[in-house]
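Line by line, the protein sequences give chains A and B.
So for the first sequence, this note's numbering puts the first residue at 1; every next one is plus one.
So for the second sequence, this note's numbering puts the first residue at 1001; every next one is plus one.
For the record, the hints were derived by calculation from the structure and aren't laboratory data.
Check the hints yourself; a few may be wrong.
As the list claims (entries may be wrong) - Calculated pairs, DSSO-like style, for lysine-lysine (alpha carbon to alpha carbon, straight line, at most 27 Å): (1) Lys440(A) - Lys1273(B); (2) Lys1440(B) - Lys1409(B); (3) Lys1409(B) - Lys273(A); (4) Lys1273(B) - Lys273(A).
What the hints assert, rightly or not - Here are some of the chain B residues that sit facing chain A, going by a computed Cβ distance under 7 Å: (5) Val1402; (6) Ser1476; (7) Asp1478; (8) Met1480; (9) Arg1482; (10) Ala1483; (11) Thr1484.
What the hints assert, rightly or not - Here are the computed distance ranges between Cβ atoms for each label pair: (12) Leu1346(B) - Ser234(A): 36 to 46 Å; (13) Ala1275(B) - Glu380(A): 32 to 42 Å; (14) Leu1346(B) - Glu380(A): 33 to 43 Å; (15) Ala536(A) - Arg1232(B): 24 to 34 Å; (16) Glu249(A) - Ala1260(B): 33 to 43 Å; (17) Ser532(A) - Arg1205(B): 21 to 31 Å; (18) Ala1183(B) - Arg384(A): 42 to 52 Å; (19) Glu1533(B) - Ser122(A): 36 to 46 Å.
It should be emphasised that the depicted structure is a prediction, and the values quoted were computed from it without experimental measurement.
For each residue, glycine too, the CB sits at the ideal point set by N, CA and C.
Protein chains: 2
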Amino acid sequence: MHDGGPSIVTSERERLAVIDLGSNSFRLVVFMAWEGWWRRTDEIYEPVRIGEGLAATGRLGEEPMRRALATLDVFDHFCRAAGLSGDRVDALATSAIRDAENAAGFLALARERTSLPIRVLSREEEARYGYLAAVNSTTLTDGCVLDLGGGSLQLVRVLDRMAHELGSWRLGAVRMTERFLPANGPAKRRQIEQLREHVAGELRRAGWLAHAGPRLIGLGGTVRNLAAAVQRASGLPSGGVQAAVVSGEALEELVERLAALPAAQRSTVPGIKPARADLILAGAIVVQGVLLAGGFDGLEVTEAGLREGVFFERLLADRPPFSKAASPTADDRPPLFADLRRTSVLNLAAQYRPDAAHTDHVATLALAMFDELARLRLHEGDPRERELLWAACMLHDIGMSVDYDDHHKHSRYLILNGGLPGYSPIEVAIIAQAARYHRKGMPEPGPLAALFGPRDLARLDRCAVLLRLAEDLERSRDQMVRATRFTFTAAATATGEAPAESDADGGSGEIELRLIADGEPAVPRWAARRESELFARAFHRELLVAA
Amino acid sequence: MHDGGPSIVTSERERLAVIDLGSNSFRLVVFMAWEGWWRRTDEIYEPVRIGEGLAATGRLGEEPMRRALATLDVFDHFCRAAGLSGDRVDALATSAIRDAENAAGFLALARERTSLPIRVLSREEEARYGYLAAVNSTTLTDGCVLDLGGGSLQLVRVLDRMAHELGSWRLGAVRMTERFLPANGPAKRRQIEQLREHVAGELRRAGWLAHAGPRLIGLGGTVRNLAAAVQRASGLPSGGVQAAVVSGEALEELVERLAALPAAQRSTVPGIKPARADLILAGAIVVQGVLLAGGFDGLEVTEAGLREGVFFERLLADRPPFSKAASPTADDRPPLFADLRRTSVLNLAAQYRPDAAHTDHVATLALAMFDELARLRLHEGDPRERELLWAACMLHDIGMSVDYDDHHKHSRYLILNGGLPGYSPIEVAIIAQAARYHRKGMPEPGPLAALFGPRDLARLDRCAVLLRLAEDLERSRDQMVRATRFTFTAAATATGEAPAESDADGGSGEIELRLIADGEPAVPRWAARRESELFARAFHRELLVAA
């Protein structure tokens, strides 16, 4: 029995603080993991701008260093107060600190004043963490990863999920802004052209880029902010930007709009954050340069970044503090999830208290019905759709952790807000809406209607009704119904064989659902009989539930 | 340290299925309790209408009995499959079954075919459970409880939270509809008048009703549905109806609107459920009759009902299956929560995994600052506002069970959807918005803006900034800051004494916050300095955080 309460996690939990000393901002993130599952549990952000002035002088400025040391002092106190030290803290410096002439002096001061174990990442290490973040948060197998920071741009070519060429350029958004664009007023066309030419020239040294397609995955705060602005411009509700796509055209429109505004006013463009208003135009132009050089149609965004790359490596490579937390990957393979989509669903479910026996059985029954109806040619049996159905089954009840009333709506809320890396926005929307309609009502596309095409609506209907039927058969949560069998009646044959092609297409007959159960399945039958209307809409058949 | 995961509940959980065999619908609800906290974990509803035809014949009809037995069979299977039997099931029959001439025959059949232990409640018992539900889900101390079912109306006079006069009338919505209103077409004025006269005549026998005010609490499906319709008509978003107020005027408007429509079309009125469309008009007129007879201005709605009354009695009176779950009330007092508002907040918090040391300390710091600023005459020190601040502190982090990102928004969602019986809608809204703004941003009234007056906005500002300051001081979640002290600077005296009255009102000076901490409070100071803008808006003072 499901007892309706939120998640119990009795096993040991380990935590890791990752500190990112970026050229634009410093950020401290705490990850927690238990039994291979994880979540982010804390985050402190400070727009330090340690890279300010670096493009002109080659040195870290006094004022930026003062801000940086003050912030590190705060982070240091936080870690100590939180009991995070030794293997539980990893602090990483990137481009600005790596490249500054006076970096050693700054690092000496930082190490003197705090106990933070600061590592200065090489260009290759920085690029590799971006790659690990991208490949562990998207389904990228072949293509390119773009990581745009304040100081530098990293590009990594990916073949069969493995990193091949790694490149790093001093084309970060802070650097390019300071070098090419005016601090005040709109950007002049000539300034933009000079920046474009500089980017194109620099990228020419990566000959492989022209063949790195088709997919380009983008990381970093600038990329996330561009995606948010494009999302808002297309009328989608503001939510996360995981798996959002920024097309070349949308980016061009955004650049036009941003360039016409003085830097200080760019945050009036919906989605643009005030703290990035002055950097966002240069960042957008650098991304455009990559699209052009690689012939990419657009950029797929992931919310994961350097920090997640560090975390995933520790989690998956069985390194402290997560030793024994997961099965280590073989030594010759990088630390990658074997099946990200499956992992994402199970990780989201693990945040709550799933009644594993119930959800697993709902999934088993639903997938068996899916397969049988495909054999009977009532639908195509698309394996992607089958996976969405499985995900909806695994997640349908997580909303019970909010309240029993409207728990179907709460499940949707938790799915949309928790996110499912590896699934596209429309896939997440279908999973969320199927969970939303797992009890009653005729499915509608809901808050993300703008993403739905007609085929998606039909998919949602099929996923919703099969989840619902499975839930009906498991209404008393005791796995009493072991299996199901569909049989054509009326116009179809009496033996359960598929009817003639024309009949399957015409969809005029009836189909009977028999339940194979331990005992008398009174509750399942009573519950399943309520689904005839939605079943008819999804499969064009009248559903009969056998007595 | 808070580890960010959802609630752990390691103690033993007990469950109780309450089955309500009402005149209009049958409903099975499962409650779970652990350590005195509770939640609803399952519910099955079937609009059986066993009372159909009873008004005309005095007997249960064959077809209604058949529907009732089929539904009881389903409930019986559900309970057995769910492992609920013996003390864990309580099945209650009310008005229709109590009053029907052939009830004994029906009960014999039900007992033969199922193992459900059906109790037929007397009028007094039915009224008493309604009373227990009302007084344990609202702050009613003196007034009247109205419980309107399909078969009967119960009214209970309450003095100092104790039940006094109990009355029961055969004025249920199913009964009145069948007796007075047409099955099809709009209701005629004469029919409505006859129903009104009948209700008034019946209620005349409760002489005490005229003196039972001022508050009238309403229970039951009809009342909830009327509240939903009134809520929708006033432009509020559809959500729960806990503590919603249905004024006499709003009810009159609704009756006019419903009476003009044929029964089948009444569900076109936003908020009216199709399954109640035919009953709702008679129900509304019965409620109007009570308002008139008692001189009440309106009806305050609670979502609790008979089923919760049964549950609360078991939970609070230390009866099976909840023996030892809570401290039993003294024998001579009915089973009532000592402090419902406090209990509601702690019960909602207990659903998630609160970091008790952190939330308690945030509350301690916030309330101490509230009290000190009241002594310094920067606000009135309203004890109700103090309680809202406490509630927001206890609940501010529950959204972390959804996701770290936007957890302040998730906390709001969980508060608004979880509900806080005993708090009015505007109070719940202030608590939810204070939690929403516990990290950053200038507080706005949010989705329930329609409820906010100017004083509420000022209250929200004060609650939000004090919660935020307390959270800042507890930023590293280690209780390092033990206490705070405010001191007037600038125009004020140097000793921390309150300035002259005119200065406190004028609000032109500065106020310094000193931290008394174990160790160097670098993180708290860094965090608290961000609150000066909101502090100035809330208290009209410039906030300085002492070094």
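- Message: Are any of the numbered hints broken by this structure? If so, which, sorted upward?
- Response: 4, 9, 10, 11, 14, 16, 17
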